[in-house]
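Colleague: In case you want the letters, here they are:
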Amino acid sequence: MPDQFLFAVEVMINGLMAGVLYALVALGFVLIFKASGIFNYAQGVLALFAALTLVGLQKGQIPFAHLINAAFGTKVHYFGWTMPTFLAIALTIGVMILLAIAIERFILKHLVNQEPIILFMATIGLAYFLEGLGDVMWGADVKTLDVGLPQGASEWIEDRSAVLGGDGFYGFFIDKLDIVAALVAAVLVISLTLFSQYSKQGRALRAVADDHQAALSVGISLRFIWVLVWSIAGIVALVAGIMWGAKSGVQFSLSLIALKALPVLMLGGFTSIPGAIVGGLIIGVGEKLFEFTIGSMIGGATENWFAYVLALVFLVFRPQGLFGEKIIERV
Amino acid sequence: MLDAGRTQETLLEVNNIEVIYNHVILVLKGVSLTVPKGGITALLGGNGAGKTTTLKAISNLLRSERGEVTKGTIHYRGERVQDLSPSDLVKKGVIQVMEGRHCFEHLTVEENLMTGAYTRTDGKAAIAADLEMVYTYFPRLKERRKSQAGYTSGGEQQMTAIGRALMSRPETVLLDEPSMGLAPQLVEQIFEIVKSVNENEGVTFLLAEQNTNVALRYAHYGYILESGRIVMDGPAADLRENPDVKEFYLGMSDTGRKSFRDVRSYRRRKRWLS
Amino acid sequence: MRDTVEPYVTEDGRTIGGVVMELKNITLRFGGVVAIKDISFDIREGEIRAIIGPNGAGKSSMLNVISGFYTPTEGEVWFEGKPRPKMRPYQVAQQGIARTFQNIALFAGMSTLDNIMTGRITRMKSGLFSQALWMGKAEREETEHRAAVEKIIDFLEIQHIRKTPVGRLPYGLQKRVELGRALAAEPRLLLLDEPMAGMNVEEKEDMSRFILDVNDEFGTTIVLIEHDMGVVMDLSDRVVVMDYGKKIGDGPPAEVRNNKEVIDAYLGVSHD
Amino acid sequence: DLVFPDLSYRTGPFAAGGIPFSDGYQDYFTLVNERDGGIGGVKARVIECETAYNTEKGVECYEATKGEGALIYQPLSTGITYQLIPKVSADKIPLHTMGYGRTSATNGRVFEWVFNYPANYWDAASVAINYLLDENGGSLEGKKIALLYHNSAYGKEPIPTLEALAAKHGYSLSLLPVDSPGQEQKSQWLQIRRERPDVVLMWGWGVMNQVAVQEAANIRFPMENFIGNWWAGAEHDVTPAGMAANGYKSLNMNRIADFPVFEDIRTHVHGKGLAAGDGSNVGKVLYTRGMYAAMLAVEAAKKAQEIHGTANITAAMMRDGMEALEMTSEMMEALGAPGIGPEFSVSCEAHGGSGMGIVQQWNAAEGRWIALTDYIAPDQDVIAPLVEQDSMAYASENNLSLRCE
Amino acid sequence: MFYREAGDFKTSYRDDSQTFPIKFDRFRYYAVLLVALAIVPFFIDSYWANALLVPFLIYAIAAIGLNILTGYCGQVSLGTGGFMAVGAYACYKLMTAFPDVNIVLHIIAAGGITAAVGVLFGLPSLRIKGFYLAVATLAAQFFLIWLFNKVPWFYNYSASGQISAPERTVFGIAVTGPHTEAWAKYLVCLLFVAVLAWVARNLTRGSIGRSWMAIRDMDIAAEIIGVNPLKAKLTAFAVSSFYIGIAGALFFAVYLGAVEVGEAFGIQKSFLILFMIIIGGLGSIFGSFAGAAFLVLLPVLLKNVLVGTLGWPTDLAAHIELMIVGALIIVFLIAEPHGIAQLWRIAKEKLRLWPFPH
Ligand SMILES: Nc1ncnc2c1ncn2[C@@H]1O[C@H](COP(=O)(O)OP(=O)(O)OP(=O)(O)O)[C@@H](O)[C@H]1O
Ligand SMILES: Nc1ncnc2c1ncn2[C@@H]1O[C@H](COP(=O)(O)OP(=O)(O)OP(=O)(O)O)[C@@H](O)[C@H]1O
Ligand SMILES: [Mg+2]
Ligand SMILES: [Mg+2]
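Chains as they are written, first to last, in our numbering: chain A, 67 to 397; chain B, 5 to 278; chain C, 1236 to 1507; chain D, 1390 to 1794; chain E, 73 to 430.
Next up, chain A with everything else stripped away, as it sits in the complex (with noise of 0.2 Å):
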């Protein structure tokens, strides 16, 4: 049957556009691994607090109105402007930046030299802090996003490739949100990659996660370098954070995306940049593939869990994920 060859095609495609929104958010995880050995928990949360930020500012919210109009009994909600989209995009990146500074000085700075685990807790510390701070400041109901990205299902390609198949067949439905989200993606995997690999910072970012003490000892000032990365995985949480939230509205769950990139970057490995593409485009493919297949047979719903079985079966061939660095095992 060439028309269910060719929809197994479609899903294929739109897999892979799943893989590459999973991507944007795993790289977030893997920049601050990479420099700092620290499993960020705090990414997702990370991600909605800056959409929250900047639907705030393009609405002209009144930040912590809520709280304000608790304390004084004032009734205040919004400003009463609305922001051009890229005037809120750069401001919201500046607070991202404030919040990286706010981070290694509040709590990095204090726990330079601590094992992963720890680090590890810190970033729920933080993921909890920023929650509740993203609620107070700009309230939990759902906020619309909207920066102009386009929607919907691409016609020029729907129509295009419906000759393919017979009666059954409608051409292949392709999200233009997902192809401009392909299109990021692909920039910022490779502006990172050449970063870390091969600039004087992304050396030094790569060793501060080897070692913190001998990072400080040869003068790399942890400081600017956590500053720095959580800058970056800031903006690409804002990245992120825009994608998800034009489908779905701003609101809580947006920090639950977190989960879907856990197994993204556990088969690409933790400190692989092209890894947490690769990673991400081998599970939207193998979990979409596997619920068109399989998945329906048995009842569906089986995307959260087979990709994890899925990243599970390359882990157990490659310990350290597809491209992450080998772990040293000597003694």
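Treat the hints with care, as some may be off.
[Unchecked claim] Cβ-Cβ distance ranges computed for the label pairs, FRET-style: (1) C:Lys1372 to E:Tyr101: 25 to 33 Å; (2) E:Gly202 to D:Ala1760: 53 to 61 Å; (3) A:Ile167 to E:Gly202: 44 to 52 Å; (4) D:Ala1760 to A:Pro150: 33 to 41 Å; (5) A:Glu181 to E:Leu369: 23 to 31 Å; (6) B:Glu72 to E:Ile111: 42 to 50 Å; (7) E:Leu370 to D:Glu1530: 54 to 62 Å; (8) E:Tyr101 to D:Ser1669: 53 to 61 Å; (9) D:Glu1786 to A:Leu230: 52 to 60 Å; (10) B:Ser200 to E:Leu195: 51 to 59 Å.
[As the list claims (entries may be wrong)] Calculated pairs, BS3-like style, for lysine-lysine (alpha carbon to alpha carbon, straight line, at most 30 Å): (11) B:Lys41 to B:Lys199; (12) C:Lys1321 to A:Lys392; (13) A:Lys175 to B:Lys95; (14) C:Lys1495 to B:Lys146; (15) E:Lys422 to C:Lys1398; (16) C:Lys1386 to C:Lys1398; (17) A:Lys266 to B:Lys150; (18) C:Lys1481 to B:Lys150; (19) A:Lys141 to D:Lys1432; (20) D:Lys1532 to E:Lys222; (21) E:Lys422 to B:Lys75; (22) C:Lys1360 to E:Lys303; (23) A:Lys242 to D:Lys1533; (24) E:Lys95 to C:Lys1372; (25) C:Lys1272 to B:Lys150; (26) B:Lys146 to A:Lys392; (27) E:Lys422 to B:Lys33; (28) B:Lys150 to A:Lys392; (29) E:Lys303 to C:Lys1317; (30) A:Lys392 to E:Lys303; (31) B:Lys33 to A:Lys175; (32) E:Lys422 to C:Lys1321; (33) C:Lys1360 to E:Lys420.
Hint data in this document are derived by calculation from the structure and do not stem from the laboratory.
Backbone N, C-alpha and C define an ideal beta-carbon position, used for all residues, glycine too.
Take the given structure of chain A and dock chains B, C, D and E with the ligands to it, following the hints.
Modeller: Quick look at chains B, C, D and E with the ligands alone, frame taken from chain A:
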């Protein structure tokens, strides 16, 4: 005091410092020392005497180990440096080679060396030239430059760590146990390198060593540290002649070198302080 | 003991036994790097066998081969007269081969006592249930082994740090604890990788004393890697010299010391 | 005073739905206090407790408030409802689960303390099918209907009913589960696109709704054939998709209109600065529903006062009031909310109300829901046996003897 | 001044390796146990039991279980929720299939079944290490939840897919079902906690515990020393899952009485319990209690203060509560990275030196 090694201005001055780890473990109980510019100063002492702690106090790496200097002062070129960050100190020209190598495992040997030049701003060419210099000092590293440092042998890692420090064009190097785990030939070689860097480039060294024998041969001045206190200091040549140092740090008896086989009919040393 | 070779008399007149272990044409490669190139030598019952050589020569790798952590690319390890089949390191340990590590590999989160008790793990047999209830066998066994471990603690003079977490100990003491952990296994063959690196003379003397005592009192066969030529010359019965994966000398210390090739490759100047 | 705990959720993944409901629920009690001086002269006191839609926090809230003399619980969460059913039965406090919770609790013979009027999930499923029957000239023979559901107890509720109805009306039903929270629905919508069902029904909550509406628009599924249940039909479910959501339909158990009671709320509650929340939700779907819930509680309390002849009623009396509740058009008119819900009456056997619902449609240009139908009755022939079966199983599992006999 | 080892000499190795070598600690422990067993049950009301103590005790069991795996054996697991679900569903199936067997046996058997499942999902740990291992356990988490949600046999084909615990008694006193008294719930959980904590303590001080810790601290060295990694890791998985299974069974049967799998045992639960042991202290049984207390009691306390005492709006209070919990976690970590247990230990060390500063 004799003037060996003290002929020039004082570069580093540590004044009566006390160090506490984890808020409870008192390790240094008032250590003072001075390092003259252009000299090689050795810090000697047994295990756990506090050599590493002293060096880390100077380079400000203590904080990351939950240790702190609770008393006393540290001055570098007359300026108080206790509150600077380690990277500021590197910019001022003080770099530490840490005990136990601490190479960046996942970076190649060459990348490790390049991180040493992180704070430098004098251009790629100068850095490349220094890289060549390090390779001439340590030809073995050139052979292994593309290997991940995590997979190189202990000695190779030690060379990498020293080379990495030299890459920063330091004014003062704090060298912690450079000879540990190195083959005898290489120990000599490394000290020769220290000496020639010291003489040719005018780099000042403060080195903590267990290998008293070699250290005192190359150093100008020595301090002996025990249980967190300086118990003796003097020009290296004098220390080498001191009978106690001879017996307990150099392993010499009146009749030349003692055999390790004879240690069993053994007399416990006396401690200067404990 | 199945003697494969006649007993052997050392320089200083001590008699040592037959061959316990024989390494036959060992080659070890990591990708392009050849760490060990076709090396053969034997280890005799009760001797102190030193391995020396420049840094990166492959000494530690050789120890790793013996303790089963690396599988040689080519060649065989014969133990007690039989070729040893491929086995996991813990199985090798169960055969009575214990070791210390070049970069201290203590269990940093545990106390000195627990670290040394871990050394006896191959000898402790009580099951999960009896341990869960801490009755009968488990408790008896624990007390018994504790007594044995206390002997080692006394022997190494580390009573005062019995309950200290080892992560906090100074380097020299950590090395000593590591030795204790290896000794606790009451091994037939004890492998020591640079046990005295980073020690001053006094501490080396202590360590030498322990090594000699173990060798004498328990008749433990010892393989020793060390860079301090004084120690090697004084303690060892026979010395293997390696240089970048090759064997360049093998024999009693005095002989090795004067070997031209060894001097060039390793010693630099002749030591006495 | 009369205590009405409000187990709300203003944080967590479902806050968007929890906030307006709770605002409406609380504002109405405040209104009754401010305008009428309370219920039968006794002030109502609302104790709000945040559950974050989390069952454990729900239990904590229940335990914390029940000692205050709580008269009725309205947890707005199927999960918490299941925790509370045994607890309220033991503590003898009525539980009202309006259009959610355990469907078979509609059988008052088994569930003495649980009420789910005016309608339940199975009613909803049947109302939707009856609406479709109506649209399709009385026959669904050969039609393909897909159910897109939240993969949880809540989402699975309508399946038995829809299957029974499929057997009756001859449509084919395909099931598409979406895992919580439901941000990724690509597979499901690609499948819908392939299979082209005539109608997609949705049992969603939280972010799942928003994504589904967006994805439906993406594949250009005809919105008028996409029908959500009454928990998938609020403003915030459709606004993120913008104009693309135009035409999306959903069920409702309460009509949306500019009821006179809102004016009262604005003057007596918001005007005095007593609004719950930020006061921006008046008139929204879930606000109206929350207010309706409070209205039903107040009416039941009045009934209880009437029956027992005391203004200071207890939880047990409240239950009696609920069981005797009768909502007529006149009453609703008098309350300033004409036609807000269907007419219904509660009895010892029947705790489930009439089960009627309307279908409404989103008009994106005007940004409001427009009712398409009047109250549609469910098909009790199909539902009643299912209820009987499930509630009897519960009774036998828990050794309950039947009431009302 | 009482807090000294001095004068408290040990004359046998047995005495020396007991749980509380210092007399004062020993007495305090017995005192706590006595109060918990003999006094609290007479005063407990249903709020204290259902909202605070019962969840605290159950989480403490789960935390001890996870601490055995993660804190003692060093294997990071994010499958706790899934394993709790196994315990809960196993208990449910057993309760409904064998109504006449004592519930305590069901709970223990549920632990046993969970242990078997745990071993199965522990197998990949032989190859996969560190945070990567989390993937194997996450696969368990998501797969198990999916399975219990999807296969009607597990929930006895009930319409909603929820499971509810029927009433069961011990010595004629109801411990599950709606008519359970607060004190009965509390006491059942307390006894399980007491026994399980004692067993955990025994396991961790013996040779099995040491082999776990050796694997945690340096797995390669441990293997070369003679620790069989397969055995060590799998026993850790088994014992840990046993505990978690029991916690799951109690959570379902005694505490909540009815659960829906995705809601009660979702990934959030796995994270929550992991947070507990990290905050409490990895590799410490006391830490498991401290962490469980911190994360169960603190939010309730904060809520009561913010809403009850200060009268803030509930949503604002909930948000601020999140911020405070988050900030406190960070503050704790900065003060002492090794958890509350370590803070406690340092406090004791200081006390021992008191009045001298060092
Ligand atoms: N991070 C730490 N926490 C607690 N105590 C420490 C820490 N680091 C070192 N110490 C203690 O401080 C004392 C001095 O240690 P230090 O490392 O300075 O000695 P050292 O002279 O360098 O010895 P070695 O020759 O063995 O390197 C030792 O007793 C050690 O146990
Ligand atoms: N796992 C490995 N992978 C790759 N290369 C390795 C590995 N282990 C050892 N080597 C290489 O093999 C060579 C021998 O290493 P080994 O550690 O045995 O040296 P060594 O003789 O012990 O030196 P040292 O005295 O410095 O400790 C080194 O060049 C090292 O880089
Ligand atoms: Mg040192
Ligand atoms: Mg070596």
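Colleague: The structure should be examined with respect to each hint, and the outcome stated for every one.
Modeller: Evaluated hints:
Take Lys1372 of chain C and Tyr101 of chain E: their Cβ atoms lie about 26 Å apart, and the range 25 to 33 Å holds. A C-beta distance of roughly 58 Å is found between Gly202 of chain E and Ala1760 of chain D, which places it inside the suggested range of 53 to 61 Å. Between Ile167 of chain A and Gly202 of chain E the C-beta distance comes to about 30 Å, which lies outside the given range of 44 to 52 Å. For Ala1760 of chain D paired with Pro150 of chain A, a C-beta distance near 39 Å keeps the hint of 33 to 41 Å intact.
Between Glu181 of chain A and Leu369 of chain E the beta carbon distance is about 27 Å. The supplied range of 23 to 31 Å therefore holds. For Glu72 of chain B paired with Ile111 of chain E, a C-beta distance near 45 Å keeps the hint of 42 to 50 Å intact. A hinted range of 54 to 62 Å for the beta carbons of Leu370 of chain E and Glu1530 of chain D is consistent with their spacing of about 60 Å. Range check, Tyr101 of chain E to Ser1669 of chain D: Cβ separation about 55 Å, and the 53 to 61 Å hint holds.
Evaluation of the 52 to 60 Å hint for Glu1786 of chain D and Leu230 of chain A yields a pass: the beta carbon distance comes to about 56 Å. Our hint of 51 to 59 Å for Ser200 of chain B and Leu195 of chain E holds, since their Cβ atoms are close to 57 Å apart. Distance hint between Lys41 of chain B and Lys199 of chain B is fulfilled; the C-alpha atoms sit about 14 Å from each other, no more than 30 Å. Restraint check for Lys1321 of chain C and Lys392 of chain A: satisfied, since their Cα atoms lie roughly 24 Å apart, inside the 30 Å limit.
Note on Lys175 of chain A and Lys95 of chain B: the hinted pairing holds, with a Cα-Cα distance of about 20 Å set against a maximum of 30 Å. Proposed proximity of Lys1495 of chain C and Lys146 of chain B is supported: the alpha carbons are some 26 Å apart, at most 30 Å. With a C-alpha separation of about 17 Å, the suggested pair Lys422 of chain E and Lys1398 of chain C falls inside the 30 Å cut-off, and the hint holds. Simply put, Lys1386 of chain C and Lys1398 of chain C have alpha-carbon atoms about 15 Å apart, close enough for the 30 Å limit, and the pair holds.
A distance of roughly 17 Å separates the Cα atoms of Lys266 of chain A and Lys150 of chain B; the hinted pair therefore holds under the 30 Å criterion. Of the pairs offered as hints, the one joining Lys1481 of chain C and Lys150 of chain B holds, with about 22 Å between alpha carbons and a cut-off of 30 Å not exceeded. For the given pair, Lys141 of chain A sits about 27 Å from Lys1432 of chain D by alpha-carbon distance, which is consistent with the 30 Å threshold. In summary, the hint linking Lys1532 of chain D to Lys222 of chain E is supported, as the alpha carbons are separated by about 26 Å, within the 30 Å threshold.
Restraint check for Lys422 of chain E and Lys75 of chain B: the C-alpha separation of about 20 Å stays at or below 30 Å, so the hint holds. Proposed proximity of Lys1360 of chain C and Lys303 of chain E is supported: the alpha carbons are some 13 Å apart, at most 30 Å. A threshold of 30 Å between alpha carbons decides the hint, and for Lys242 of chain A with Lys1533 of chain D the separation of about 28 Å falls inside it, so the pair holds. Straight-line distance between C-alpha atoms of Lys95 of chain E and Lys1372 of chain C comes to about 27 Å, which keeps the hinted pair within the 30 Å bound.
Taking the CA atoms of Lys1272 of chain C and Lys150 of chain B, the gap is about 21 Å. The hint holds against a cut of 30 Å. With a C-alpha separation of about 23 Å, the suggested pairing of Lys146 of chain B with Lys392 of chain A holds against the 30 Å cut-off. Taken as a hint, the Lys422 of chain E and Lys33 of chain B pair is honoured in the structure, with Cα atoms around 19 Å apart against an allowance of 30 Å. Between the alpha carbons of Lys150 of chain B and Lys392 of chain A the distance comes to roughly 15 Å, so the proposed pair stays at or under 30 Å and holds.
The hinted pair formed by Lys303 of chain E and Lys1317 of chain C meets the criterion: a straight-line CA distance of about 27 Å does not exceed 30 Å. Proposed proximity of Lys392 of chain A and Lys303 of chain E is supported: the alpha carbons are some 25 Å apart, at most 30 Å. The hinted pair formed by Lys33 of chain B and Lys175 of chain A meets the criterion: a straight-line CA distance of about 27 Å does not exceed 30 Å. Between Lys422 of chain E and Lys1321 of chain C, the direct Cα distance comes to roughly 52 Å. Violation of the 30 Å bound is thereby established for this hinted pair.
As the CA atoms of Lys1360 of chain C and Lys420 of chain E are separated by approximately 35 Å, the hinted pair breaks the 30 Å bound.
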